[in-house]
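> If you want the building blocks of each chain, they are given just below.
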Amino acid sequence: MSPSIAEPKYQPHRMARRWAGPLFGIACFLATLTGVLVLSVVLGAVIAAALRQPGAAPWYHLGTNLRELFDLLLGLVQKPQSSDPLRAGFRAGVVGSLWMLGLVGLMAIPVGVGAAVYLEEYIAPGALRRIIQTNIANLAGVPSIVYGILGLAVFVRAFGMKEYALGRTLIAGGLTLSLLVLPVIVISTQEALRTVPNSLRQAALALGATRWQMVRDHVLPAALPGILTGTILSLSRAIGETAPLLMVGAAGSIGVLPRSPFDRYTVLPVEIYNYAKNPKVQFQTVTAGGILILLLLLLTMNATAIIIRNRYARSG
Amino acid sequence: MSPNETKPFVSPDELWSTGSPLRSLAESAITVGLFLCALVTVLTTTGIIVVLSVESMEFFRQSGIGLLDFLTGTELKPELSPPKYGILPLVWGTLVIAAGSTMIALPIGLLSAIYLSEYAPKRVRNLLKPALELLAGIPTIVYGYLALLIVTPMLKAIFEPIGVRVETFNALSACIVVGVMIIPLVSSLSEDVLSAVPRGLRESAYGLGATKFEVSTRIVLPAALSGVVASFILALSRAIGETMAVVLAAGMRPRITLNPFTSVETMTTYIVAVTNGEASHGSPKYLSLFAVGMALFVMTLTLNILSGLVLRRYREVYQ
Chain A
1 MSPSIAEPKY
11 QPHRMARRWA
21 GPLFGIACFL
31 ATLTGVLVLS
41 VVLGAVIAAA
51 LRQPGAAPWY
61 HLGTNLRELF
71 DLLLGLVQKP
81 QSSDPLRAGF
91 RAGVVGSLWM
101 LGLVGLMAIP
111 VGVGAAVYLE
121 EYIAPGALRR
131 IIQTNIANLA
141 GVPSIVYGIL
151 GLAVFVRAFG
161 MKEYALGRTL
171 IAGGLTLSLL
181 VLPVIVISTQ
191 EALRTVPNSL
201 RQAALALGAT
211 RWQMVRDHVL
221 PAALPGILTG
231 TILSLSRAIG
241 ETAPLLMVGA
251 AGSIGVLPRS
261 PFDRYTVLPV
271 EIYNYAKNPK
281 VQFQTVTAGG
291 ILILLLLLLT
301 MNATAIIIRN
311 RYARSG
Chain B
1 MSPNETKPFV
11 SPDELWSTGS
21 PLRSLAESAI
31 TVGLFLCALV
41 TVLTTTGIIV
51 VLSVESMEFF
61 RQSGIGLLDF
71 LTGTELKPEL
81 SPPKYGILPL
91 VWGTLVIAAG
101 STMIALPIGL
111 LSAIYLSEYA
121 PKRVRNLLKP
131 ALELLAGIPT
141 IVYGYLALLI
151 VTPMLKAIFE
161 PIGVRVETFN
171 ALSACIVVGV
181 MIIPLVSSLS
191 EDVLSAVPRG
201 LRESAYGLGA
211 TKFEVSTRIV
221 LPAALSGVVA
231 SFILALSRAI
241 GETMAVVLAA
251 GMRPRITLNP
261 FTSVETMTTY
271 IVAVTNGEAS
281 HGSPKYLSLF
291 AVGMALFVMT
301 LTLNILSGLV
311 LRRYREVYQ
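For the protein sequence lines, the chains are A and B, in the order given. Note that the working numbering gives residue 86 to position 86 of the first sequence, counting from 1, and the numbers run on in steps of one. Note that the working numbering gives residue 155 to position 155 of the second sequence, counting from 1, and the numbers run on in steps of one.
Don't read these hints as lab results, they were simulated from the structure. Here a beta-carbon is modelled for each residue, glycine too, at the ideal position from N, C-alpha and C. Be a bit skeptical, because a hint or two may be false.
As the list claims (entries may be wrong) - Straight-line Cα separation of at most 20 Å, EDC-like style, residue types lysine to aspartate or glutamate; simulated pairs:
no., chain 1, residue 1, chain 2, residue 2
1, B, LYS285, B, GLU79
2, A, LYS162, A, ASP263
3, B, LYS77, B, GLU58
4, A, LYS277, B, GLU167
5, A, LYS280, B, GLU167
6, B, LYS285, B, GLU75
7, B, LYS285, B, ASP69
8, A, LYS162, B, GLU167
9, B, LYS129, A, GLU191
10, B, LYS129, B, ASP192
11, B, LYS285, B, GLU58
Stated by the list, open to error - Label-pair distances were calculated between CB atoms; the ranges are:
no., chain 1, residue 1, chain 2, residue 2, range
12, A, LEU30, B, ARG218, 20 to 28 Å
13, B, PRO121, A, GLY167, 53 to 61 Å
14, A, ALA303, B, ARG218, 35 to 43 Å
15, A, ARG259, B, SER280, 28 to 36 Å
16, A, TYR10, B, LYS212, 15 to 23 Å
17, A, LEU257, B, ARG123, 44 to 52 Å
18, B, ASP69, A, LEU106, 40 to 48 Å
19, A, ALA158, B, ILE162, 51 to 59 Å
Claimed, not checked - If you want the footprint, here are the derived chain B segments under chain A, 3+ residues with CB under 8 Å:
no., region
20, 39-48
21, 131-137
22, 148-157
23, 177-184
24, 261-272
25, 292-299
Model the full structure from these sequences, guided by the hints.
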């Protein structure tokens, strides 16, 4: 009689093997859920803090709460800075952040896409390309506050040469943030360019297109969704950055809204930081409201980016 | 193009010519322009290194403090006369928070990476990956505020009744929020390398009768180990360079202590504190921020390079 396969010696640790698998799977699943959990805790806690006022409706009056929240955010966007929690708002910060978005977009996107095109489409593989590539990879890992130090020394103070120094202006902050997001834009654009099939390039070149015509008319349009995703994500990173702007002088308080890139400014995260530091409990509503405005802005940008990518990734 | 629109006349010669001298000039101008764009990134690195080293040198010259004293000094008291600039309390604070936060982020991040790459059905995965990315997009200041709003009060509620004094700013709450903050980083980087392990390896293990657990932990994980370690190192570097969450959560008291319930100061926090403080431009205290920045830059750069080395040197190459 041949030995049965069900004999214990052919099934070592049978129970352990049967149970360890599902348990491990559940642990992994729970670990993944921490992300979702954290996201909901963040939003829930911030919304709760924003609505924490005397006389506020109880939490289950969702309609009333929603309207209150809307009113609060709308009010906060319009109110100027103030040391009185009831009159304090984020108008200067919102305006400054929008300026910053425009400046960084204008400066960082062309340079970043240009650098990526140069690395992917123009330069031959070799020592120079490897050096630039390694350099960009390392730049992407430099802490943001180091960029703040760079901006402080180079743009704000120009090594102490008064006539070149930009001072604590929007343009100095914009240049600093542009350098900060540049590596991210370059890397994501390069990835997008790499997904463009080589046959497209060869076809364009075979028809007599110059290299630039090939890039402009064929490669860039084909890579556009990927490039868009990368740039939107990096711009949203720029909007959320606080530390480098604290360094290059986003002011704690400004009297007038900036009208040109050479005016003084403040941005939304810096204002949030200043209100968050304030020990008065009443400022909690203001701070939480500011964070909600910031999160709404960023989550919209990021969700747009992710949707663009997913849509084109599927059809492509 | 509408059908009744007439095409401009193009002579055959023009059609076949490769272009005027002007056009080739434009072509090379574009090449030069694109090269300049790439050059900006190199100049940024040069700028960082030049700024940090020049101003650090100036700091050492003005304050009269030796490099060795700076690196091994255990006291940071710029107000004293003579002032004491020892970076060790800052390094200690930085390392405590980096170690604490990675202890939270590494296991959770790795488990979630394994789930996403090995266990998750495709639909769940397509839902969870964007959620993780959204999470990675939350600015650090929000996490800092979260520490003040929830984590610290919670720690107080748990530990004060058993007689442990919890300061408003403390290292533990900074560890928790920074740890939570870098989970998405660890999990998305690790997931990339786990998914890159060829299917054939998994299938041969299944063919030999391995369970999913065994395939995940004994086949896929070892095969992708270099990438996983590289992502751990990157996460550590990110935790070291983290600023705003730590500023709001851990406070600004430079000291060397093992008590996680007291305030510590990190290198990044010190830099922010000096810029926002009263130190005048050019004074030794102001210049010290560049020296601390240099140390921070060197630390994170070393870790990033190390991460790249691990990834390249120990990668198992398949195919």
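> For every hint, state whether the structure bears it out.
Structure-based check of all given hints:
Taken as a hint, the B/LYS285 and B/GLU79 pair is honoured in the structure, with Cα atoms around 9 Å apart against an allowance of 20 Å. For the proposed pair A/LYS162 and A/ASP263, the alpha carbon gap of about 17 Å is at most 20 Å, so the pair holds. At roughly 19 Å between alpha-carbon atoms, B/LYS77 and B/GLU58 fall within 20 Å of each other, so this suggested pair holds. Annotation: proposed proximity of A/LYS277 to B/GLU167 holds, straight-line Cα distance about 15 Å (limit 20 Å).
Proximity of A/LYS280 to B/GLU167 is assessed by CA-CA distance (about 18 Å); at most 20 Å being required, the pair is judged to hold. Restraint check: the Cα-Cα separation between B/LYS285 and B/GLU75 comes to about 14 Å, which is no more than 20 Å; the hinted pair holds. Note on B/LYS285 and B/ASP69: the hinted pairing holds, with a Cα-Cα distance of about 16 Å set against a maximum of 20 Å. A threshold of 20 Å between alpha carbons decides the hint, and for A/LYS162 with B/GLU167 the separation of about 44 Å lies outside it, so the pair is violated.
Taking the CA atoms of B/LYS129 and A/GLU191, the gap is near 19 Å; set against the 20 Å cutoff, the hint holds. Between the alpha carbons of B/LYS129 and B/ASP192 the distance comes to roughly 11 Å, so the proposed pair stays at or under 20 Å and holds. With a C-alpha separation of about 11 Å, the suggested pairing of B/LYS285 with B/GLU58 holds against the 20 Å cut-off. The supplied range of 20 to 28 Å is met by A/LEU30 and B/ARG218, whose beta-carbon atoms lie about 22 Å from each other.
Hint check: B/PRO121 to A/GLY167, Cβ distance near 56 Å, so the stated range 53 to 61 Å holds. Between A/ALA303 and B/ARG218 the Cβ separation comes to about 38 Å, which falls inside the hinted range of 35 to 43 Å. The hinted range of 28 to 36 Å is satisfied by A/ARG259 and B/SER280, whose Cβ atoms lie roughly 30 Å apart. Look at A/TYR10 against B/LYS212: about 20 Å separates their beta carbons, and that is inside 15 to 23 Å.
At roughly 47 Å, the beta-carbon separation of A/LEU257 and B/ARG123 lies within the given 44 to 52 Å, and the hint holds. Between B/ASP69 and A/LEU106 the C-beta distance comes to about 46 Å, which sits within the given range of 40 to 48 Å. Take A/ALA158 and B/ILE162: their Cβ atoms lie about 55 Å apart, and the range 51 to 59 Å holds. With 7 residues carrying a beta carbon less than 8 Å from a beta carbon of chain A, the region 39-48 of chain B meets the three-residue requirement, and the given coverage holds.
Counting residues of the region 131-137 of chain B whose beta carbon lies closer than 8 Å to any beta carbon of chain A gives 6, which meets the minimum of three for the stated coverage. Counting residues of the region 148-157 of chain B whose CB falls under 8 Å from any CB of chain A gives 3; the rule of at least 3 is met. Coverage of the region 177-184 of chain B by chain A holds in this model, with 3 residues showing a Cβ closer than 8 Å to a Cβ of that chain against a need of three. Only residues whose C-beta sits within less than 8 Å of a C-beta in chain A count toward coverage, and the region 261-272 of chain B has 3 of them, enough to reach three; the restraint holds.
Taking a C-beta to C-beta cut-off of 8 Å, the region 292-299 of chain B contributes 3 residues in contact with chain A, enough for the three needed, and the coverage statement holds.
In this structure, the one hint that does not hold is number 8.
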